[in-house]
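Here the sequence shown stands for residues 736 to 1210, numbered as in my numbering.
What the hints contain is simulated information worked out from the structure, not anything from laboratory work.
Be careful, since some hints might not be right.
Simulated restraints on C-beta separations [said to hold, decoys possible]:
| # | residue 1 | residue 2 | range |
| --- | --- | --- | --- |
| 1 | 1001 | 1082 | 44 to 54 Å |
| 2 | 961 | 820 | 18 to 28 Å |
| 3 | 816 | 892 | 31 to 41 Å |
| 4 | 822 | 847 | 51 to 61 Å |
| 5 | 814 | 909 | 31 to 41 Å |
| 6 | 965 | 999 | 36 to 46 Å |
| 7 | 883 | 795 | 12 to 22 Å |
Built from N, CA and C at the ideal position, the CB exists for glycine as well.
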Amino acid sequence: MLRSPLLILLYVFAVATAPGRTLHVGPGEIAAGLEIPACDVNLTLTGCIDASDLDRMAGFITDITTLDLSGTEIVAYSGPRFGSNMTSAPESTLPAGILAGLRVSHLILPESLTAICDGALMDSRITDIVIPENVSSIGRSTFANCTSLRSITLPASLTTLPDRMAEGCEALTTVNIPPGVVTIGSRTFFGCRGLEHIGWPAPLYEIGEEAFALSGLTSADLSRCTSLTTIGARAFASCPSLSAASLPEDATDMGQGVFFECRSLQSVRLPASTVSIPSLTLKGAENITTIELPTGTVLIDTLAFAGMTGVHSLTMPSTVTDIADGAFENWSGLNAIDGSRLTLVPALGEDVWAGVNQSEVNLTVDRRLENLFLTTPQWQDFAIGHTSGITQTDSGLQQSVTAGFNGTTLTVTSTVPLARVELYAVDGRLLTLTDMPDDNVTTIDTSSYTGPFFIVRATPADDNPCVTLKLMRLN
């Protein structure tokens, strides 16, 4: 690959032209006390080293900017305990935690290196790193909390990015994800606030919990990752700059809060085959103005869409049967719900619509379900059917019925002949029934009825459907 040789050439050039020292060493010599020369810029080592040498370098190197190990080989170690009770280590390997806290800016790893174990470079001061192409495995937390790290170049053969690999690398801006990567682990890039862009490998099939939470990503277009099925809980939670996201059709195994508190998010596409929308999925996504629910959605779980104040209208798929606690809490901008496709009245948890001015929201439902919606707690608080002045079209015939209060006097007017007008309380009790006069205008005295809400049902003189209005009496 072009990227790795080019970067290595730059390192070699820097080493060759900047002041520094070259030492040829044997295994164990540095650990035994070989003096590491103080130099302002570069130290180049050649020969053989082992894990005990690496451990001493991490603890004693303080004044070196570049440590070049490209010309060394790491040999197997077996001997006295050092570090965290280590008595043995394999060849061509950076053991767990071996260079943690290393105080150099530039580290060039041995070309013969094949494995990097858990936390090998965590908490170090490195600013950039190139992983040699021979490395086939990288452990967890390899670069965790390397707060100066700006770029990572990974070998092309890598298929898994481990848990917490770059967690807390807040300065990280550039990382290549190899084209064959299929798994990104949990918290792999958690807190990488400088990481704005990333290339998504097509074979990717799993993203772990909080993999990109609190990162600087501005977009997450995963639509070409057609093998992606699993997205862990809070995978993109609290990304302050994330403005657009698109998930592939079959990514149906989603954890809670995938886009939790992504307040800059303006557009999102959920997987088309989603059946259950998990809790907290888009909670706090206040800048989204349009949300399309997957056509097969059955369950909308707790607080799934809470706080999406920018959405003005919502279409319910025909398959929705359950909406859990607070699912649409604080949708203060909502003014219309199209429930005409629903085949039953969805069961509601507690405070599903808390913070929504329901009396001002027009809910359109199938006329065969109107009475059920009008008598079901929480649903009955919407303006169900057709509010005053709304026109209903059925079988090509346009009907228009309006109704309104003047004090306690209700006036109903129609542009087509009506057979009768019925007045109901919101609990479904019939209060009065009156025949419609020839001029299609009638008044009803409601002073003897309590409550602010009433339902008017107007029955046409022909076979057309009834028109139902929900009204609020102000006094």
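Starting from the hint 51 to 61 Å, judge whether the C-beta atoms of residue 822 and residue 847 obey it.
violated (23 Å)
Residue 961 and residue 820, beta-carbon distance inside 18 to 28 Å?
Given about 47 Å between the Cβ atoms, the range is violated.
Outcome of range test on Cβ distance (residue 816, residue 892; 31 to 41 Å):
This hint holds: roughly 34 Å between Cβ atoms.
At the C-beta level, are residue 883 and residue 795 separated by a distance inside 12 to 22 Å?
holds (20 Å)
Distance restraint evaluation - residue 1001, residue 1082, Cβ atoms, bounds 44 to 54 Å:
At 31 Å between Cβs, range violated.
Could you tell me whether the CB distance from residue 965 to residue 999 stays inside 36 to 46 Å?
violated (25 Å)
Quick check: does the Cβ-Cβ distance between residue 814 and residue 909 fall within 31 to 41 Å?
Check passed, 39 Å falls within 31 to 41 Å.
Hints 1, 2, 4 and 6 from the list above are not met by this structure, while the remaining hints are.
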